[in-house]
Every structure is written in structure tokens, then in C-alpha cells.
Amino acid sequence: MAADKVGVEYLSAGANRQTAVADWAVGGILAFGADSNIAIWKPSDPSARGISRLLGGHTETVKTLAFLPSSDADSTQYLVSGSDDKTLKVWKSAASDGDFTIVQSSAEHTGPINCITTLQTQTDKWIIASGAADATIKIWTFDGSTLQLVQSIKTTPKYFALCISLTFLDDSQDVLVLACAGTKDSIQILTSELNSETIQFTVQATLRGHEGWIRSLSFAKETSDPKSDLLLASASQDKYVRIWRLHQGKELPAAAATGADPSSEAYLPGRSPANKAHWLNAAGKDFSVTFEALLLGHEDWIYSVRWHMHPEGKLQLLSTSADNSLAIWEADPSSGIWVSMVRLGEISREKGATTATGSTGGFWTGLWSPDGTSVACLGRTGSWRRWEYDNSEDRWKPCVSISGHTKAVTGISWSKNGEYLLSTSSDQTTRLHAKWTSTGTWHEMSRPQIHGYDLNCIDSLGAAQFVSGADEKLMRVFSTPKAVASMLHQLAAIGDNASMESMPDAANMPVLGLSNKAIDAVDEDAEIQSVDDRDRDAMDPATMVKKSYLDIQHPPFEETLSRHTLWPETEKLYGHGYEISCLAASHDGKLIASACKASSLNHAVIRLFETERWTELRPPLAAHTLTATRLRFSTDDKYLLSVGRDRQWAVFVRQTGSGDEEYSLLQANPKGHTRMILDCAWAPAADGKAPLFATAGRDKQVRIWTGMADAAGKLQFTQTATIPTSVPVTAIDFQCRTHGGNDALAVGTEDGRINICVVSADGSQVTQLPMAAELCLPKTVLQLAWSPSASTNELAIAGDDGSLRLYAFRNSHFQIEPASA
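According to this note's numbering, the stretch in the sequence shown is residues 1 to 821, in order.
If you are wondering where the hints come from, they were derived from the structure by calculation, not from laboratory data. Errors might be hidden in some of the hints.
[Stated by the list, open to error] Quick list of simulated restraints, FRET-style, between CB atoms:
#1 Lys517 x Ala493: 27 to 33 Å
#2 Arg810 x Asn195: 54 to 60 Å
#3 Glu612 x Arg810: 37 to 43 Å
#4 Asp99 x Thr123: 26 to 32 Å
#5 Ala493 x Gly713: 47 to 53 Å
#6 Asp636 x Asp45: 39 to 45 Å
#7 Ser499 x Asp99: 42 to 48 Å
#8 Gly7 x Gly313: 42 to 48 Å
#9 Gln490 x Gly713: 52 to 58 Å
#10 Gln148 x Ala283: 18 to 24 Å
#11 Asp99 x Gln148: 52 to 58 Å
[Unchecked claim] Distance condition first, Cα-Cα at most 25 Å in a straight line; then the derived DMTMM-like pairs of lysine to aspartate or glutamate:
#12 Lys638 x Asp588
#13 Lys689 x Asp710
#14 Lys158 x Asp124
#15 Lys517 x Asp454
Given the structure is predicted, the values throughout are model-derived calculations rather than measurements. Where is the CB? At the ideal position from N, CA and C, for every residue including glycine.
Sequences and hints are given; from them, build the entire structure.
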């Protein structure tokens, strides 16, 4: 299916937790690694649209990327990326549109690539340096079409480079200086003359002083003066930022200000004051490297530092730390002392939040916008935070940003009316996504469940309730709290005020528990007590909900999502002996069917729970001998379909006259596929139409089964069509309404491809409409779900690459081509 017939409504993906994983280009595009993808985002987009594209090309986690610098924002843009797949790739895009394609790829490294730095020369060529876990740093040149390796440097003594920075030593641009550091506590300074024939870096100095691994390096000129000194900032796991000065001449620079004097290190236990000068000689010029300043203020590892020179000549340094804070430093004009002018992030009271309740776990990288009026940072949850400087109020204001799962999205479910989408993941979170009515863009609006187990499956029970299953033996049922329901009504026009009366105010999680508890929202002036570790029911003060937290006019920021949008848990459903593998809720919301991982008949049963009294209906349904992989109720809830690893499918029919809650086995096919069956789906039911379902398996086939009455008048399902594929099929779903009598079946495969298959009403004819390659995934499609809304053709896609995608199909009718004679 052509890309022009499919619109990308929403892309959600969490960023990889790496310091060098993102860069912000002059054209306003921010790119970051998201699993094996590269996500493209325009933070300043007035519509607040999140990720606009997910670029596939790498096969493993993207660890580092950098835009090639350009003085012209309207020119062609280039992006360089490195990955755990050991490849370095160069991407090209027309000006500012973010539609990048790979133009060069190299596999010269023999280990994962950790860091990249780039520099533009006067001849419009670029020099690229890459550091990897093969203990080498490689130097490349790129002229817009050819990527050429010019030098490979083995790190001595051996270490893995985690950060590198490259610049010119002076304005003549005839000498390059490269700073490298990583899994040692020292920084190496290398220089090379720049000429048309060759580039050869040699180690000229080793800077010592840090007492931990070094995570980030950044060069900048101190002023715009052509004879200005260079400053190098280094960030380390020892909780300190160090600034080093590179000065041209045979004489040392003037003595530093008292406050920046290295003797201030005497205040640090175990440190001895030292300011050894290191001398460099390149192209007949002498340079000195001296220690300039020690920046104290962060309380945990420092992951990144970045310089920015403002147009008025003010040099600022941005640092991000595992202490959940971001700092902007400036040198005092009169004394030269470096001072933290701005502090953003978590307030100290909230730093004690436990991982289980969604603490951010620190900021992994920080970026300046090209004009310096905005900063963005990345947290442990894979979500971005962004602030913009408001000149009229002289303060930094938080802005709507983006978030996403950081591991495989294992389950998705639409609310019964299609107003919002739920997703759950191996990153142990459940997230609610909805459309912000004021802009028409999709956003994460709530994080109902933050768990201690990997989550496997989810289904909606109604407008305000869902059930999820994880790597534990029980299922949990959650209900919307009033604070979240009110926010969804205000931002997404979901629900009404009358339905909120009986809801609890909000939810919280005990410090030592896994169950979200209903709580009352507290007033603004309420005093919040500290945590008592001896009390199992003690609430984490960082997740107490004030009434103002969700009374907002925009999608919630990450600190609100991760702390204040939990849903209270209302029920636990027990009965299984092993981890929950799949579940399904009936369309009327009265029943839940579930199965667990199993290797014996006793555990391979399907258990049914009714949702009025939350009791199990016995006996459980028996058919499978191994794990059931998928359960699906027909759209009229008359049938329950199950498929499993034992290669068989089974159909259970609802009994009449017994409260309409009991099911019995109608038909089982022990040879439904030749290998395990991974998914199944019912076509929409309609009067006068035979029931029809599809199954998908590892045998690289989708099979269509149609119900027909046998000689005795009993309904039996027989195979009426087969859809062959070249790889195993991992996900399928029928759209819940017909198109001119035809059914639309979405098919996802192990290699990430997606097809739309049009199935005739009797299941005998099938037409395949493959999706454009750029809309497919780089990894396995784990689940597909059409929106139940009658007014849209939206398909949600859950990927093993950690992405959640929402596509809207512009053609309203899927036509069957006439069969050939």
C-alpha cells in the first residue's frame, strides 16, 4: 500500500539511555536513538507533534549520533550514527524535512560504537571521529558522497572511549585537537596538522584529576576573539565537572581568579592541589593545557556537559547528572568564578522516590537548542524534558515534550469506544495515549501502572477500567481515578463529569508494595510526611498527588506522568500457576479469559473470570497441551478462540440459558498449523454472515477459517484460504467493521513487515496490499489493533523495537480484485 494512502498519526518511542545518543541541529531537528531506530523530532513545532519519523537502518541499539555541522540551515543536512551493530552510517536529508536516507555505511569497527564527534573544514569537507568498545578511535573524512577512513588509533593504555570532542586549535584552522576519554580517569589530548594529504593524530598530553570514568567532553572558544583560548569541559562519575584551558604561546595564561584556583581542591578530602602545565607543539606552534576550574554542585554521577556561545558573547555550560538535576554555569564577569546560574529538574524533596514509583533515575544527556533559548534532557524513563527561556519573566519554563516505552511493546488495547489507546511493555509500565483536542496531536496522557514485573498483555474492560497480565501468576484490574479522568475530559474530551463522582481522587503506591492504592488528593498547603521504611503501607511522599498537579491545560510533563497519574488497583485475579501469557476481555466487559505459560495439560487451561463479583467460572476450559499464545472473543461474544504453541486452535461457544457466562468446546483442530500458532483474530460478525476467523503461525502462513453447518447441522470451521508469507507471521487483526462486504485484515511479520489483506465475506478470496517499506518496523511486530471507532481507519502497531505506531488509512474502502478466470 502506497505511503500516500497511509498517514502517520502518532509515533512513540523512548530514547536509549546513552550520553551521546542525541543531537540538536541548526535547522531545529532533534535526533535521538530509540532502540535500533533514529527518531526525528522538532521540539519547536507549534502543533506540539512529537516524533515525526523513525528511521530504520541499524540492526541493534543506536548509541551515538551527531549532525554534521553546517553554517547554512537551509542546506542539505547530514547525520552520522553509531550502534551496537558496530556500523557507522551517514544519513542525508533535504533541508529541515527530517526525511533521512543512508548514503554511506562502514563496518570498520569491531566493537559497539560509543561516541562520535564532527567538524567542518574550510573546504566544506567534514572530519568525523568515532570511539568504540574495540579500544580504538577512528578518524574519517566525508565530502558529501564518500566516507573514507584515514586513521585508526589504538587507545594506550587500553580503554574504551565513551566521549570525544574535536575542534581547531586556533583560528588558522591548520591544527586539529582531539580530546578522548572513557573507562579511565584521565583525558588524552591528541593533535594533528590538517592538510590535503593526510591526517595523523598523536597523543600530546594526558590530563589527570578526575577519580572516575569520564562520560562527556566538550570544546568551546572562550570568546569570539580570534586569539581566544580554548576551554575543554569534562564530566565524570566522580560527581565533578572540570574545565581545562588551552592557551597558545610559550607562556602560561594569566593566573586564574582566586575562586577558580586549583588550590580550592584543598577543600576536597584526599585531593592534593596541583596545576601541572601540559605542553603541546603542532605546526610549529606551542600551546599549554592547564586546569582552570572545578565545578561543584551535583550530588551524583555527571553524564554530560555541553557549551553554548550566545550571540551576545556569553559562554554557558550545560551539565546533567544522575541526581535528577540540570545546571547552567557561567563565569562571573568580575571574578571569573564559575557559578551555577540556573538549576532545573527535581526538587530535593522528591529525590527519594523509589524506582518502583517511577523516579526518573537521573538525566543521561543534555542539549542546547541551536539558538540557546531552550534546553532538553533525557531521563531514565526514556522520556524527554524541555525548558524554554522566557525573557519577559526571566525564567525557564517547562514545555510539552515526548515520551515512549524503552523496551518491547508487548500489548496494546483500545478503549471500547476507541477514545484512547493503552500500551504495555517489558519496561514494566502501562501507558495511556490520547489525542489532545486543541492541537489534534497524540500524547501520552497517563501512566496507570508502574510495575515490578515485565508486563505481557492488556485489555480494556470499559471506558474507565482495564486488566493487565505480567510475569507473575495473577492479573490486576485498574480503574480511572478522578484526577486523571478530569484531565482526560479537559484535554481529550473523554468521558463526562457525571461519571467521575464515584471515582477515588487519585492513586499512590506503597514504598514496599506493587499494588496501587486509592488515595485522596491533598490540598496545596498540606504537609507531606516523610517515608517510614518500617511501615509497609507508608506512601512515598514524592508520589502524593496535590489537586493542582493534573489541573493543567497541556499534556502532563514527565515528572507528572511518572509520579501522579497512577490508577488505583481494584482487583487481583488468581488461579494460574505460572506467568500470564495472554488475556482477553469480552466486548461487553463481563468476562475475562486468561492463560499462562504451560508445559503440561494441568496448566494449559483457559480460565474465565466474571467482572461483577470478580470470581472464576469453573471448571476452566481445556483444549491445549502447551502455552496458549492468544485468546480472542468474537465481536458478538458468542465464541472464544484460542491458539497455542501446540499448533492447534480451539473454538468455544457461549452457552445459552445459564447466565450467558459459560463456554464449552465447539471444535478443536490439533493440526491447525504445522508449527506453533502465534496470533488469531475474528472477522466482524454480521447478520446472515458466516463466522470467520484467521490464524497466524511460525509456519509462515495466515489461514482463513469459515464456519459452515455440517450434515448434522452443527457449525464447523474449515479452511477457505491461505496467505503465504516468506517469514513467520507474529500478529494479525481484523478491522471491526466491513467494507462493502469485505474484511480488512492487518498482518505483521517477524521481520517487521506489515500488509493489509482484503478478505471476501466468505473467506475464499484474499488480496494483499503491502505497506511501503518506510512504514514497516526494523524488528518483530508483536501486536496489531484496529481502532473500534466507526469514524476512523486507525491501526495501532506494537513493536519489539520499543515503538508504538498509529497509522490512519485514507482510503475508506478495501476492494477485492476479481478472481482471474
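Here is what the structure says about each hint:
1. Lys517 x Ala493: 27 to 33 Å: Hint holds: Cβ distance 29 Å, inside 27 to 33 Å.
2. Arg810 x Asn195: 54 to 60 Å: holds, 55 Å
3. Glu612 x Arg810: 37 to 43 Å: With a Cβ separation near 42 Å, Glu612 and Arg810 satisfy 37 to 43 Å, so the hint holds.
4. Asp99 x Thr123: 26 to 32 Å: Check passed, 27 Å falls within 26 to 32 Å.
5. Ala493 x Gly713: 47 to 53 Å: Given a distance of about 49 Å, which is inside 47 to 53 Å, the answer is holds.
6. Asp636 x Asp45: 39 to 45 Å: holds, 43 Å
7. Ser499 x Asp99: 42 to 48 Å: holds, 43 Å
8. Gly7 x Gly313: 42 to 48 Å: Given about 45 Å between the Cβ atoms, the range holds.
9. Gln490 x Gly713: 52 to 58 Å: Roughly 55 Å apart at Cβ, these two residues keep to the hinted range, so it holds.
10. Gln148 x Ala283: 18 to 24 Å: holds, 23 Å
11. Asp99 x Gln148: 52 to 58 Å: violated, 26 Å
12. Lys638 x Asp588: With Cα atoms ~11 Å apart, Lys638 and Asp588 stay inside 25 Å; holds.
13. Lys689 x Asp710: Measuring from Cα to Cα gives roughly 16 Å; hence the hint holds.
14. Lys158 x Asp124: Judged against 25 Å, a Cα distance of about 34 Å means the pair is violated.
15. Lys517 x Asp454: Since the Cα atoms of Lys517 and Asp454 sit roughly 20 Å apart, the hinted pair holds (cutoff 25 Å).
Violated hints, listed in ascending order, are 11 and 14; each of the other numbered hints is respected by the structure.
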